[in-house]
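Sequences listed follow chains Z and X, in order.
Counted from 1, the first sequence has number 111 at position 111 by my numbering; the numbering is strictly sequential.
All you need for my numbering is the position in the second sequence, starting with 1, plus 194.
The set of hints was computed from the structure by calculation and includes no laboratory data.
Computed from a predicted model, the values in this text were never measured in an experiment.
One or more hints might be untrue.
Covered stretches of chain Z (chain X as the covering partner; in silico rule of three or more C-beta atoms under 8 Å from a C-beta of chain X) [unchecked claim]: (1) 1 to 15; (2) 41 to 55; (3) 80 to 92; (4) 118 to 124.
The beta-carbon is built from N, C-alpha and C at its ideal position, and this holds for glycine as well.
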Amino acid sequence: MSPVIGILALQGAVDLHARALARLGLDAVEVRTPAQLDTVDALILPGGESSAISKLLTLNGLFEPLQDRLADGMPALGTCAGMILLAAGVLDGRADQRSFSAIDIDVRRNAFGRQNDSFETDLEVVGIDGPAVHAVFIRAPIVERVGPGVEVLAIVDDGRAVACRQGAVLVTSFHPELAEDLRVHELFLSGVAA
Amino acid sequence: MAEQISDVNPTRETGTQLVKRGLADMLKGGVIMDVVDPEQARIAEDAGAIAVMALERVPSDIRRDGGVARMSDPEMIEGIKAVTTIPVMAKARIGHFAEAQILQSLGVDYIDESEVLTPADEAHHIDKWAFTTPFVCGATNLGEALRRISEGACMIRSKGEAGTGNVVEAVRHLRSILGDIRKIGTADSAELFDWAKRLQAPLPLVQEIARTGTLPVPMFCAGGIATPADAALVLQLGAQAVFVGSGIFKSEDPSRMARAIVEATANYNDAAILAKVSRGLGEAMPGLEIGSLDTKLAERGW
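Let's have the full structure, built from the sequences with the hints guiding it.
Structure, rendered in structure tokens:
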């Protein structure tokens, strides 16, 4: 049995992650409720607005069940807003914003500025061979603190981290689901046990 | 080890189509709310809005007051930007590229070239390729949507009939756009030339739709959404997110209505949750029959 990959589908670019998985020959399960969460072996937390997703996690009764699954070691990929939700600390967030502490990093929301400062660039990513990874940053967060046991996988020009991994949790400031490149998804899936 | 990693291409390319359309992708499944002051912006964000549209009067007031409706005062837009952490959008008049230049310099996250304001040009829309800030434009049918995309729009929204609290026009526009996309998906290559001619739209965009089965940019819904059920309706029809204008701050209890519409949008296929969030919301905004209108905003745009 191949593992069942879920995508947190409360808000955000759910369809683009589903497209990336489909290109890799995988069906994705949309997760909005605790019952749906029970059916998946790994979860992708997509880009979107972290403040809205955080609120909807609570309203849908999904926050605690998801926190428990992450504490039990469920593999997770968080892109942009998903990275913020998986982080231990959130800077420039809303006071009521909750995160899962599934990876020991602190992140700053909207760290690069507003939409006019959103950008594309090429990054070297640890664990991905071949040409550089094309990375799209949309009102993106950045990693301000990296805890012990967290591996930095990519940095931007000022040296701050934009991709990290700890155990089965992989996070990126940028949006691999927006580019045609599937290698970040493949890197994540390689850490998901069959 | 961080020391061994290098940033292979330190140049940052801003304002590309991928970056501009990308923000629209991130707004999918969310609610964009019209707000007229920082207090409303705070209520909207507290309720789970994914973006706010800063404007001086909501469409139902523009409709009531008449006269020429223009871009909002930059001071008011700055005031809203200062209290929110989510994207801020603002409206420019159709064809009014100087207003759009001002909005770009203010650093708004999306510009809405909007029929809700009084048009400034009766033949030309803004050349949106010339801007770093992305644009959303309204459309009533697929031809209009593709003309706006060919001018550089990175998000399309149905126009609906703003300020009426009546969803019937938004439904008509969505069905027209999405229905034609489905038909193009089954057309043969020769028929695509006729589709381009009939839609008055560029052939390459028509061919792209035939290939992909979707609009090249995200497709949202606006104009007349007043209840959680309205939001669920348009999402089930195929809209990817909703704009709610007068529907929130003209309702009896804006904070509850805002949160209910956010929950309905996230759970648009789940009737039990829709029933739960629709309870006890108080009066929705007062609605208007389309036939009774003196001015149809949706007819603006070319």
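(request) Return the numbers of the hints above that this structure violates; sort them in rising order. (result) none
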